[in-house]
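S.K.: Chain by chain, the residues:
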Amino acid sequence: MSDILLPGQPLPLPPRAPLPLPGPGTYKRGATLRSSLLGLPTISSTASVRAPASPPPVPQQGSIVLGKITHLSPTAATLAILVVDGLSLPATDEFVGVIRSQDVRSTEKDRIRIGECFRGGDVVRAQVLSLGDARSYYLSTARNELGVVFATSEAGATMQPVSWQEMRCPRTGQLEKRKCAKPEGI
Amino acid sequence: MSYVLPGDVLTPPAPPPKSLKLGPGLLMLHTPGNPVIAHRPGVLHSTPKQQHWIETESRRYIPASQESVIGVIAYRAADAYRVDIGSAHLATLDALSFEGATKRNRPNLKVGNLVYARVSLANRDMDPELECFDATTRKADGFGELKDGFMVECSLGTCRRLLDSKHFLLPSLAQKFPFEVAVGMNGRVWLRAGSVKATVAISRAIGMLDDRQTSDDEVAAFVQLMDV
Numbered sequence: 001m002s003d004i005l006l007p008g009q010p011l012p013l014p015p016r017a018p019l020p021l022p023g024p025g026t027y028k029r030g031a032t033l034r035s036s037l038l039g040l041p042t043i044s045s046t047a048s049v050r051a052p053a054s055p056p057p058v059p060q061q062g063s064i065v066l067g068k069i070t071h072l073s074p075t076a077a078t079l080a081i082l083v084v085d086g087l088s089l090p091a092t093d094e095f096v097g098v099i100r101s102q103d104v105r106s107t108e109k110d111r112i113r114i115g116e117c118f119r120g121g122d123v124v125r126a127q128v129l130s131l132g133d134a135r136s137y138y139l140s141t142a143r144n145e146l147g148v149v150f151a152t153s154e155a156g157a158t159m160q161p162v163s164w165q166e167m168r169c170p171r172t173g174q175l176e177k178r179k180c181a182k183p184e185g186i
Numbered sequence: 001m002s003y004v005l006p007g008d009v010l011t012p013p014a015p016p017p018k019s020l021k022l023g024p025g026l027l028m029l030h031t032p033g034n035p036v037i038a039h040r041p042g043v044l045h046s047t048p049k050q051q052h053w054i055e056t057e058s059r060r061y062i063p064a065s066q067e068s069v070i071g072v073i074a075y076r077a078a079d080a081y082r083v084d085i086g087s088a089h090l091a092t093l094d095a096l097s098f099e100g101a102t103k104r105n106r107p108n109l110k111v112g113n114l115v116y117a118r119v120s121l122a123n124r125d126m127d128p129e130l131e132c133f134d135a136t137t138r139k140a141d142g143f144g145e146l147k148d149g150f151m152v153e154c155s156l157g158t159c160r161r162l163l164d165s166k167h168f169l170l171p172s173l174a175q176k177f178p179f180e181v182a183v184g185m186n187g188r189v190w191l192r193a194g195s196v197k198a199t200v201a202i203s204r205a206i207g208m209l210d211d212r213q214t215s216d217d218e219v220a221a222f223v224q225l226m227d228v
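Heads up: the protein sequence lines correspond to chains A and B, in order.
Per the UniProt record's numbering, residue 1 is the first one in the first sequence, and the count goes up by one each step.
Per the UniProt record's numbering, residue 1 is the first one in the second sequence, and the count goes up by one each step.
It is worth saying that the hints were derived from the structure and are not from the lab.
Please read these numbers as outputs of a predicted model, since none were measured by experiment.
Heads up, the beta-carbon is just placed ideally off N, CA and C, and yes, glycines get one too.
There could be a bad hint or two in this list.
[Unchecked claim] With beta-carbon atoms standing in for the labels, derived distance ranges: (1) B:GLN66 with A:GLU166: 14 to 24 Å; (2) A:VAL83 with B:GLN66: 49 to 59 Å; (3) B:GLY207 with A:VAL162: 47 to 57 Å; (4) A:VAL149 with B:VAL36: 31 to 41 Å.
[Said to hold, decoys possible] No more than 16 Å apart at the CA atoms, straight line, and that leaves these computed lysine to aspartate or glutamate pairs for EDC-like: (5) B:LYS110 with B:ASP134; (6) A:LYS177 with B:GLU145; (7) A:LYS68 with B:GLU180; (8) A:LYS182 with A:GLU154; (9) B:LYS166 with B:ASP216; (10) B:LYS197 with B:GLU180.
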């Protein structure tokens, strides 16, 4: 832990060596190289400082995200993004995604009934279409492998997908309509 | 007729029938033994055809699909009205959900108007949606704007009793004077009669029926003594 440099702290260089080139995470002030980040130094011909933890993932255009549906309206479904490209977000980051009704599936886009595609609490795999507006990313589930991954039935059991439009509750046998994602390996 | 509380397990009649029809208030659990439990307080009713249900007195309406309700227009959003039907959330009534409505020709409802509509979508994750035509025929069939008249509120149980064609109140009132009435499943009744006196008389009669302290005989006697 004592190796970690604070921003502004001079790099620990061997005393009579030539000054290395300032690399990422460092800057030169007067005759000293200083760190600009909180992190661990790497000193060779170029000095750099790297933060010890990897930065949290941020959704980009084309990222595959997993989110939980928080709100439904006739025109859109809102979800809280939990996982971006396989990396789960830390609890402090809250990203909101919106799936508009025309982006739910690729066929018959105008005759969608959102209640037959998603329900509150469903976990959905979606792709980021764009960075959207100030409040939320715009997402799409219009591909076979996108859609509801996990849902709970009215009886409280985890449902299994039967087709791309239906899921079945194992306890009661009832079918419920969802836009299901194609499971891997099928 | 027996009074049950939520959680009470109900024993099926012996010998156990081939099929049980469970109505409002009853649930069959999918645990070993498949017990039938009540999830509402009220009186358990049964018919010889193995139909069972619980009559609960309640005033708060919970929207259910295909029920006819009376709503008050709360405000106009683009291409839709937001309607108060007495539930937890305002319902949405699309401006084109009327018989013969097109983009150029649509009814012009104002804030405060009453409508008789059918709940087309009611699930726990979304705001309820209404339509003003019959589902199969797409004709008005009595749905639409309710002009003039007066609306009274009562309990959900009173509305269910008024909707029963064999109930005594509305036919006995009709013998005194003519009137129009629309009963909503959400605890609201709209009436329109020829005079203010008749309107007040009907609303008082419905209020007495709603009052748990007065018996049906007292209401019938009140209607007989009416001087309208």
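S.K.: Give a verdict on every hint.
M.R.: Status of each hint after checking the structure:
| no. | hint | verdict |
| --- | --- | --- |
| 1 | B:GLN66 with A:GLU166: 14 to 24 Å | holds (22 Å) |
| 2 | A:VAL83 with B:GLN66: 49 to 59 Å | violated (39 Å) |
| 3 | B:GLY207 with A:VAL162: 47 to 57 Å | holds (52 Å) |
| 4 | A:VAL149 with B:VAL36: 31 to 41 Å | holds (34 Å) |
| 5 | B:LYS110 with B:ASP134 | violated (23 Å) |
| 6 | A:LYS177 with B:GLU145 | violated (34 Å) |
| 7 | A:LYS68 with B:GLU180 | violated (49 Å) |
| 8 | A:LYS182 with A:GLU154 | violated (22 Å) |
| 9 | B:LYS166 with B:ASP216 | holds (14 Å) |
| 10 | B:LYS197 with B:GLU180 | holds (14 Å) |
Taken one by one, the earlier hints fail for this structure at numbers 2, 5, 6, 7 and 8, listed in ascending order.
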